[in-house]
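Engineer: For reference, the chains in residue letters:
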Amino acid sequence: MVSATHDGFPAAVGAGRLRDKDGRLPRPSRRAVLAVAAIGLSTSLTGTLSACSAASGDTSGVTLRFSWWGNDDRAARTEKAIRLFEKEHPGVTVRTSNGEFGSYLQKLATQAAGGGVPDVVQLDYRQISQYAGGKAIMPLDGVIKNRTIRTSDMDKDFLRTGTYKGRQFALPMGRGITGYAYDSAVYKKAGIPTPRPSWTWQDWAKANKKIAALGLKSPDGRHFTGANDGGGNEDVFETWLRSRGKNLYADQTKLGFTEDDLTAFWSFLSTLREEGAIAQARDSVQAKSTETSPIGRRLAAADFTWDAPFPGYTALLGENIHFAPVPTTGGRQGTYFKPSMLLGIGSQSEHPKEAAQLIDFLLNDPRAGDILGFSRSTPPNREIAARVAKSLEGSEREIYDYSQTMEKYGLDIPPTAPPPGDLAIQTAFKRIHQRMIYGMATPREAARELIDEANRELES
Amino acid sequence: MSTVSTTRAPARAVRTTDPRPRKSKRRQVRERQWPAYVFLSPWMIGAVVLTFVPMAVSLYLSFTDYNLFDPPRWVGLRNYQEMLTEDPRYWRSVGTTMLYVVVAVPLKLGLALGVAMLLKNLSRGRGFYRSAFYAPSLLGASMSIALVWKALFNDGGTVAGVLDTVGIHTGGWVGNPHLAVYGVVLLTVWQFGAPMVIFLAGLQQISPDLYEAAALDGAGRWRQFMSITVPMLSPVVFFNLVLEVINSFQVFTPAFAISGGDGSPADSTMFYTLYLYERGFTASHMGYAAAMAWLLLIAIGAITLILFRTSRSWVFYADEEGR
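Chains as they are written, first to last, in the numbering used here: chain H, 1 to 460; chain D, 1 to 323.
Rather than coming from a laboratory, the hints here were simulated on the basis of the structure. Be aware that one or more of the hints could be misleading.
[As the list claims (entries may be wrong)] Residues of chain D clear of chain H, computed beta-carbon distances all greater than 12 Å:
(1) ARG27
(2) VAL38
(3) MET98
(4) LEU111
(5) VAL148
(6) LEU152
(7) VAL166
(8) VAL189
(9) SER227
[As the list claims (entries may be wrong)] Where chain D lies over chain H, by a calculated footprint (3+ residues, C-beta under 8 Å):
(10) 105-112
(11) 128-135
(12) 417-424
All C-beta atoms, glycine included, are put in the ideal place defined by N, C-alpha and C.
Starting from the given sequences, assemble the full structure and let the hints guide the process.
Structural biologist: Here it is in structure tokens:
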């Protein structure tokens, strides 16, 4: 925008125009400079905000729009399942669009602002409150009651994750759970027993100190630590908090924890970090994927993660990597089954019945289940999950068995969908934690800053 | 030529005897103007639809709470108040941006002038060097260059590796909140080609007579630079300064790419525009973002005005000669 003005100037004078009688270019006058400055200024507002709109059309039969995010494997499986659905519902055409998670969220928000949310839409847990509260998606209680969408094979408590103010607005598409990927060979070398579902945060701290004491070196010759610093990860804090009987949110407008809780959590981790037992600031700051995490760079023995991405760790680091539960407080588990993603129906949909049929097909049809597999974590329909699980092996088998174990161990009921501000609070968590580990704030100052910011998000 | 004018004169005479009442002067002017407006219309429609209407909407939104889902809710000056008194991140983003402007602009202009001085006296290959130095300015605003930059300054990247071999252990700049902003500064300074070309054009305008006369009077190179080059070049310096300051306040792409879009680590690359973007598109506070955009406009306007005021004492204009 502005650079065009800038770059245009030398191009124009360089072309040989505007030369004076001696063949020289006149120096810019005061008025010319003023004019260019004014143009530069006026462009500073425009160009900052832009929007795009969705196309629509096609009148023959029923056309459903369905959008989701995900990788190529998920896309191929989803397309295959949709073709089967179209075959069984003549006259119904499903047009799909998918994208990468970050841009998907922004595109969907823009569509929602224009009233153009697709008929069937894949949503993140953190979007539910905003989309339901803003009337961008419609309540599903009717289609569930008349059994267009069957929920009898799904866990009632788990279905709660798609509710807003007591009504069902979205249905979970997959069931994910947090866990802990660790290198069993290092654990054996340090003499640490295999983590059990009841292991505690104190056990975890001791394990990290033992690993640090081994004096191992990373490939680039640096100190090898016990685990990644989970302090900037809202999920880890939530698990820690729930193991102490508290929640991230008390309701849609209030936090469920205090400054003291967060200070305690961050101080606990800071002590370990200062002792060299967990990853150092410069390494945890750069952890953005499996490859760039301390465990991926062979700087640490473990990392907090989710079940669905876990197979990526074994693929990168080998068969020594196993999946364990997140530590507990005195045996009380903080983890819970979380929807990896949900499905809803756009409130402006002209074909809500067909949209509901598509959702039911994707969630409950055994053949769709076979096609989709575990590409969106464990299917929420128990029958289908058990059916698909028979063919699993390796790390996928391990995470399936893990979720079975955790189900038997007994977890607290999942909370309802987080408030709209959670998306912003999640990034604030990471950012304020970074300020703290770089010494720009003490754990208490950082905790106060996070709570102030979270309260501002929740009240607006 | 002359035949044309003679044939035209009688035609005019006929007109004055036309029985119809004479058109008012204003109407005549209007009639003569309409083709101009027709030719201007694409630009005018574009300016209204793409600039003035969005600006008016954004001014309205800046007084509302708007999350894209619910209709905008009027909150008066609440956004401005929150920004100025309750949001520490706002002031941090202002600080980061000011630091960036204060460091990057003088470095970039200094380098541009220095290289332009070297190229001015080059007798062969000037066109080649000029193009070579200008090239980064053409590439600079692109995402891909920013990503390459990020890879260079990453932990284990080229820059960290080279500095390690000479005994300076910085780790990755990208992951270090004390250094990340200087990675963005260097990316900007590297694009000194655009002001350099302007400086070069300006330097060529200075009459060689002045230097000859000065040399005869025994002035050294430094004296010539300070007494001839600097005052004669001052309008060009001023032009570049104003443009670079305006551009620098709006830095976005490099910070977006290098930080992965979130100003990380620890908000150290959270420039004003990036924070504006985050407020609007990630946190869905469109009203707040609009208010930020307006304060930015006002601030850049004020700073530009101050630059113009100070320019009276140090810029020498050709059209004021002999005053």
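Engineer: So, for every hint listed, does it hold in this structure?
Structural biologist: Results for each hint:
no. : hint    : result
1   : ARG27   : holds (31 Å)
2   : VAL38   : holds (23 Å)
3   : MET98   : holds (16 Å)
4   : LEU111  : holds (16 Å)
5   : VAL148  : holds (17 Å)
6   : LEU152  : holds (15 Å)
7   : VAL166  : holds (17 Å)
8   : VAL189  : holds (15 Å)
9   : SER227  : holds (17 Å)
10  : 105-112 : holds (count 4)
11  : 128-135 : holds (count 5)
12  : 417-424 : holds (count 4)
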